[in-house]
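Between the sequences and the hints, there should be enough to build the whole structure, so can you do that?
Residue numbers (the UniProt record's numbering), protein chains in the order written: chain V, 1 to 279; chain A, 1 to 324.
Keep in mind the hints are simulated off the structure, nothing from the lab. Just so we're clear, the structure is a prediction, and the values are computed from it rather than from any experiment. The reader is advised that the hints may include incorrect statements.
Said to hold, decoys possible - Computed far set for chain V versus chain A, every beta-carbon distance over 12 Å: (1) G15; (2) L45; (3) M202; (4) G269.
Stated by the list, open to error - To give an idea of the chain A side of the interface with chain V (calculated C-beta under 10 Å), a few residues: (5) L26; (6) R56; (7) V76; (8) S81; (9) A87; (10) E92; (11) E119; (12) L120; (13) Q133; (14) G140; (15) D146; (16) A148; (17) S150; (18) H185.
Even for Gly, the Cβ is constructed at its ideal location relative to N, Cα and C.
The primary structure of each chain is shown beneath.
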Amino acid sequence: MTTTAETTAYVPTPGMLSSVLAPATRPPRPSALSASVTFGWRAMLKIKHVPEQLFDVTAFPIMMTLMFTYLFGGALAGSPTEYLQFLLPGIMVTSVVMITMYTGVEVNKDIEKGVFDRFRTLPIWRPSTMVGYLLGDMLRYIMASVVILCVGLVMGFRPEGGFVGVIAGIALLLVFSFAFSWVWTMFGLLLRSEKSVMGVSMLVLFPLTFLSNVYVDPSTMPGWLQSFVNVNPITLLVSAVRSLMGGAPDTGAVTGVLVASALFVAVFGALTMRLYNRK
Amino acid sequence: MNEPAIRLSKLVKVFGETRAVDGLDLEVPAGAVYGVLGPNGAGKTTAVRMIATLLRPDGGEATVFGHDVVREADAVRSRVSLTGQYASVDEEMTGAENLILLSRLLGHRKPAARDRAAELLEAFGLTDAAGRQVKTYSGGMRRRLDIAASILSTPDLLVLDEPTTGLDPRSRNQVWDIVRVVVAHGTTVLLTTQYLEEADRLASRIAVIDHGRLIAEGTPGELKSSVGAGSVHVRLREAADRPEAERLLAEALDAPVHLEADPVALTARIGDGRDEVAAAQASAALARLAGAGIVVDDFSLGQPSLDEVFLALTDHPATEEAAA
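This is the structure we're talking about:
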């Protein structure tokens, strides 16, 4: 072995390397919560390094709100301002549920990279990697909700439920979005490319958000469509959020949303983890 | 230590029609560097991924320090670190962020994680690049960061999957130096490689695998004595001298001489596993050629290439290209 005296930027010295290998007592493995929060921090760092990605949680919701209020307002409710009172909770739900699909895209982009292998060889609570994505995404959902709320208030949205009602509505929306995102973590692990994840997401999200009570009262729809709209979880969510923001909480709808959320986590969370462990 | 670091018995992994690992038996003693040598597609990476709990075996058994990789995956994970073939670090994050993240995941609290990251960045010569995104790093820097990440909590077994593939010679030497220090510290290192030279320099034992099976195993010395310690490559000035050169070389080297397609080139596999014997034979051969007045343009003594090892062990070359 030759050790030439090169003037290199880096020459590993055994002394220095040995000192960092010193057997410091190994810390206990992190708790499930701590590991999840750490992965959430990772998601935040990614936003910090690529802030352009926040475009979809700011510009897109503003566009949706403006477009649908002025497009349908006059025809459906007499005036855009009046329509806005009905539409805003629904458009907030639509926008936030739409951006949940980026969770799947992120997971799919990461899974091919070597760094995922490292996460999977760590002795940590297995779902924490996935929960971390969702925690990072919660920030995006909050941003989108706040942006829409602000635009709405400027345009004349005056919720009867006041501050508390609005916060309760957004909180319920966040709970549902967190649970619903597990559908996308599953697809992110299942499908081969980012594009196919996007494609499937659109295929699921368009009918789910449009065939609901977001834009019009379902009683104006043909019977066969009503039967779909009425079992659509988005309809339930919109009713619940609307009732909370409107100051007359619909306990049935709120409970229904919480039950649906629990089911989404139970079913798609389990499927996600199965795929994650098998990958 | 009696218990081996890794024990594989009849390990199998099938992908569709391909038996990537096909009944692999292996025992890796603790506390040393163990080399796994094989061409692309031999099943090295698949085997390593099963050892690191990333893939579930389809048959057979694998244990790491006595823990089964399927049933006791967490126990295995807490003792093994893997540095994959493709950098197992996050490109979009900075070097420091990568190490802090992993350190946190190993259970260090934030201030301790930060200190540990700084310490390792310093030792691996990455302090100046700590705040830069990893995608701006050179291959060598990336590999160093990757290994640093693997020893955040000094593992009992460090698995390096082709750690020097694609690196320039200087970076490769740095990786070798790091491996030596890590193993001197008591960590067992499992290293896969396509280069016999690398396995020879670092490993105390080498397994040669092909088509998912073990085809040879032993110390570098044993392995080389089965294939010859080295090869002599000779290029002559005049093609007309070749028959004479062939005769002289065969005599001096006491080995069959191979005539290459190139009309001025000859090759011979020599030595009985001992480098000093090979060197003595080679210099004697060169003197004979000079004595006979044959002009030699190029004369080199090197280790047998992976292709030559494979030819000797399996009668087929390591790669399709080599067969062509």
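To see whether the hints hold, each was checked on the structure:
no., hint, result
1, G15, "violated (9 Å)"
2, L45, "violated (6 Å)"
3, M202, "holds (25 Å)"
4, G269, "holds (20 Å)"
5, L26, "violated (19 Å)"
6, R56, "holds (7 Å)"
7, V76, "holds (9 Å)"
8, S81, "holds (7 Å)"
9, A87, "holds (5 Å)"
10, E92, "holds (5 Å)"
11, E119, "holds (5 Å)"
12, L120, "holds (6 Å)"
13, Q133, "holds (7 Å)"
14, G140, "holds (8 Å)"
15, D146, "holds (8 Å)"
16, A148, "holds (8 Å)"
17, S150, "holds (8 Å)"
18, H185, "holds (5 Å)"
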